[in-house]
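Protein chains: 2
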Amino acid sequence: MIFHPETHYVRFASLALDCGAALAPVDVAYQAYGRLNAARSNAILILHAFSGDAHAAGINPQTGKPGWWDSMIGPGRAFDTDRYYVVCSNVLGGCRGTTGPSSINPATGQPYAMTFPVITIGDMVRLQKMLVDQLGIERLLAVAGGSMGGMQALQWAVSYPDRVAGVIPIAATARHSAQQIAFNEVGRQAIIADPDWNEGNYYATDRKPARGLAVARMVGHITYMSDTSMREKFGRRLRAKEKYGYDFSAEFEVESYLRYRGSEFVNRFDANSYLYITKAMDYFDLTNGSHSLAGVFARVQARFLVLSFTSDWLYPSYQSQEIVRALRSRNLDVAYCELPSAYGHDAFLVEVEEQAELVRGFLARTLRMQAAA
Amino acid sequence: MIFHPETHYVRFASLALDCGAALAPVDVAYQAYGRLNAARSNAILILHAFSGDAHAAGINPQTGKPGWWDSMIGPGRAFDTDRYYVVCSNVLGGCRGTTGPSSINPATGQPYAMTFPVITIGDMVRLQKMLVDQLGIERLLAVAGGSMGGMQALQWAVSYPDRVAGVIPIAATARHSAQQIAFNEVGRQAIIADPDWNEGNYYATDRKPARGLAVARMVGHITYMSDTSMREKFGRRLRAKEKYGYDFSAEFEVESYLRYRGSEFVNRFDANSYLYITKAMDYFDLTNGSHSLAGVFARVQARFLVLSFTSDWLYPSYQSQEIVRALRSRNLDVAYCELPSAYGHDAFLVEVEEQAELVRGFLARTLRMQAAA
Numbered sequence: 001m002i003f004h005p006e007t008h009y010v011r012f013a014s015l016a017l018d019c020g021a022a023l024a025p026v027d028v029a030y031q032a033y034g035r036l037n038a039a040r041s042n043a044i045l046i047l048h049a050f051s052g053d054a055h056a057a058g059i060n061p062q063t064g065k066p067g068w069w070d071s072m073i074g075p076g077r078a079f080d081t082d083r084y085y086v087v088c089s090n091v092l093g094g095c096r097g098t099t100g101p102s103s104i105n106p107a108t109g110q111p112y113a114m115t116f117p118v119i120t121i122g123d124m125v126r127l128q129k130m131l132v133d134q135l136g137i138e139r140l141l142a143v144a145g146g147s148m149g150g151m152q153a154l155q156w157a158v159s160y161p162d163r164v165a166g167v168i169p170i171a172a173t174a175r176h177s178a179q180q181i182a183f184n185e186v187g188r189q190a191i192i193a194d195p196d197w198n199e200g201n202y203y204a205t206d207r208k209p210a211r212g213l214a215v216a217r218m219v220g221h222i223t224y225m226s227d228t229s230m231r232e233k234f235g236r237r238l239r240a241k242e243k244y245g246y247d248f249s250a251e252f253e254v255e256s257y258l259r260y261r262g263s264e265f266v267n268r269f270d271a272n273s274y275l276y277i278t279k280a281m282d283y284f285d286l287t288n289g290s291h292s293l294a295g296v297f298a299r300v301q302a303r304f305l306v307l308s309f310t311s312d313w314l315y316p317s318y319q320s321q322e323i324v325r326a327l328r329s330r331n332l333d334v335a336y337c338e339l340p341s342a343y344g345h346d347a348f349l350v351e352v353e354e355q356a357e358l359v360r361g362f363l364a365r366t367l368r369m370q371a372a373a
Numbered sequence: 374m375i376f377h378p379e380t381h382y383v384r385f386a387s388l389a390l391d392c393g394a395a396l397a398p399v400d401v402a403y404q405a406y407g408r409l410n411a412a413r414s415n416a417i418l419i420l421h422a423f424s425g426d427a428h429a430a431g432i433n434p435q436t437g438k439p440g441w442w443d444s445m446i447g448p449g450r451a452f453d454t455d456r457y458y459v460v461c462s463n464v465l466g467g468c469r470g471t472t473g474p475s476s477i478n479p480a481t482g483q484p485y486a487m488t489f490p491v492i493t494i495g496d497m498v499r500l501q502k503m504l505v506d507q508l509g510i511e512r513l514l515a516v517a518g519g520s521m522g523g524m525q526a527l528q529w530a531v532s533y534p535d536r537v538a539g540v541i542p543i544a545a546t547a548r549h550s551a552q553q554i555a556f557n558e559v560g561r562q563a564i565i566a567d568p569d570w571n572e573g574n575y576y577a578t579d580r581k582p583a584r585g586l587a588v589a590r591m592v593g594h595i596t597y598m599s600d601t602s603m604r605e606k607f608g609r610r611l612r613a614k615e616k617y618g619y620d621f622s623a624e625f626e627v628e629s630y631l632r633y634r635g636s637e638f639v640n641r642f643d644a645n646s647y648l649y650i651t652k653a654m655d656y657f658d659l660t661n662g663s664h665s666l667a668g669v670f671a672r673v674q675a676r677f678l679v680l681s682f683t684s685d686w687l688y689p690s691y692q693s694q695e696i697v698r699a700l701r702s703r704n705l706d707v708a709y710c711e712l713p714s715a716y717g718h719d720a721f722l723v724e725v726e727e728q729a730e731l732v733r734g735f736l737a738r739t740l741r742m743q744a745a746a
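Respectively, the protein sequence lines represent chains A and B. Counting in the numbering used here, the first sequence tops out at residue 373, every number present. Counting in the numbering used here, the second sequence tops out at residue 746, every number present.
Chain A extracted, bound-state conformation:
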């Protein structure tokens, strides 16, 4: 059944941030699918990855495009909107309706740009908790997300242990590694190197750092795929020619694909949001440098479904396994599956079948256990 979700907006007077500053006011864009039951016990919060938004499922009536996790969310799907009330909000620092660096700073009447405070995954989750309060949901049945969404899910379990029954971190990590920071830093430097970035003050000009942002996105796309999936999708095939042209046009299909994805991204994403959100990911370390992940989980009560994918080299399985070991050492209820896939990090978006079955079973059992408690 095709549905056309609307985006809702809610404004909060103020949000305290980890850096010590506060944002006032803060807007949140969110979508909701399905119906909240009378007991308010069937609510699931979906947490999006780096470049995602509130439009997780259904068809956007303007663009005709499906939500970023439409294959997993909807009537009869893994996150079954016939059974659950599913909410997804754009993250703090984003550019798709929630307050971020492109938003107007009421104090100046100008976009924040680089005066926007540096935010954390903890800040994103604090704002989501305000939204959940606003919606009258005392305890979430589950929080779920892939990549940066999985980091938020873990942060939820730690920050609000009595507010969530089930946690589903997919292709995620408890802390960004040196290599993960390095790839993000390259993206940031590509943007900052673009003169049209102009110290972040490009909103009032007719130019934006399109070239830098496109290069950043190209790097990202390589890390989202795997060596195998790139070979299968592109190999060494040339585009619209049979022989080398001995020039610097986009001759190989993989070059053409990356250039297209880079330039397309510029139309839907804000370069300053790129800087702030990647920085939040790099700051993410559940342990706060304490070296004991198990210690961080001391007050956690939720049950967990942790998923990773064999060919994901950006968020490799060992990072998920580190989370699982720490949870198990706390005697928490945790299921872990490493799913076979050649799609690399993108697998959490495209490998639906087995992922859906696992999520479906986990949610049903969590609901039963909550009802019995």
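The hints are simulated quantities; they were obtained by calculation from the structure and are not laboratory data. Hints are not guaranteed to be accurate.
[As the list claims (entries may be wrong)] Some chain A residues judged to face chain B by a derived CB distance under 10 Å, without partners named:
(1) 18
(2) 193
(3) 215
[As the list claims (entries may be wrong)] Within a straight-line C-alpha distance of at most 35 Å, the following computed DSBU-like cross-link-like pairs (lysine-lysine) qualify:
(4) A:208 x B:616
(5) A:208 x B:614
(6) B:606 x B:616
It should be emphasised that the depicted structure is a prediction, and the values quoted were computed from it without experimental measurement. The beta-carbon is built from N, C-alpha and C at its ideal position, and this holds for glycine as well.
Start from chain A and add chain B according to the hints.
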């Protein structure tokens, strides 16, 4: 024993290229260590990787810096200059003495810049063969190199089968994969996106595409290391502070390292050479799309030592194993070792001990077999 090698230069009237054009004249910068024996049977050609140069061994008397493979080449070392005559030349398209896009086009009196023809690994090797002829060497004892140097070594075996007795391709491939092309394309796009690149015409200006080239190099450095080596070298350590600064300075040590390596590279490498040499690597496919690597090796006579490293994800071991299978199917004499290392692609430069032992034995046996033949 410390030695201070000189760089020699030789000029050839003309070089025919795979693209159909010719370069005239062509200069080659090279260094040579040790002494050519009376039988001229102890000459080894060392082939450098992407950003290398002719200075493979010894100490540069101006800068005090050792050559890029100094740990492997010298008196008593793997490539023992007490026994062998070791030659290394800067590649065609380079910026360290051999003709490349920064060289003056005699037809115009201006640097070639982007009028330089697109070159191939085959072209690089054809020019090396002219140098070997000039030095009066009829048959090389060995050709050896890592990464792009290994591709040149393979090309030597195929292009000039009667001119080389031993071939040592290290951390190399018989053809660039989609992922390898993709990383190179990102580097090229970072350079081209820099307005100071100016369509390649920056030599007469006081600006060069330093920011774009630095970003390209940053991406490169991530791919040269491994997840493990980055974790061991940097982890999540902050630089000169204990707490997050909530700003966009280079806070993490890994950020600081990448920025430093990027900006340092700009001082020693030409951005247009970056474009041309990466393009040559991307064009590299020994099979020319024929799908039969074994067929390409039909006329090959040399014996091989093929090496790869466990943590090298840029030139993964399966690519070396593909070469080995094709050589074996031709009943050629081939030894293959996958060496354990956490250093990623950089391993061929830093993992000396075991690599040296294997090379030493291979060279000694090749020399004995050649003497007996």
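Does residue 18 of chain A pass the interface hint, meaning its C-beta sits closer than 10 Å to a C-beta of chain B?
8 Å, holds
35 Å limit on alpha-carbon distance, applied to hinted pair residue 208 of chain A and residue 616 of chain B:
32 Å, holds
Hinted pair residue 208 of chain A and residue 614 of chain B, Cα distance within 35 Å
Within the cut-off at roughly 33 Å; holds.
For the hint on residue 193 of chain A, just tell me whether its beta-carbon gets within less than 10 Å of chain B.
The hint holds - residue 193 of chain A has a Cβ within 10 Å of chain B, the shortest such distance being about 4 Å.
So, as I understand it, the hint says residue 215 of chain A touches chain B; can you test that by seeing if any CB pair is closer than 10 Å?
5 Å, holds
Compare the distance between the alpha carbons of residue 606 of chain B and residue 616 of chain B with 35 Å, and conclude whether the hinted pair is satisfied.
19 Å, holds
Taken one by one, the earlier hints all hold for this structure without exception.
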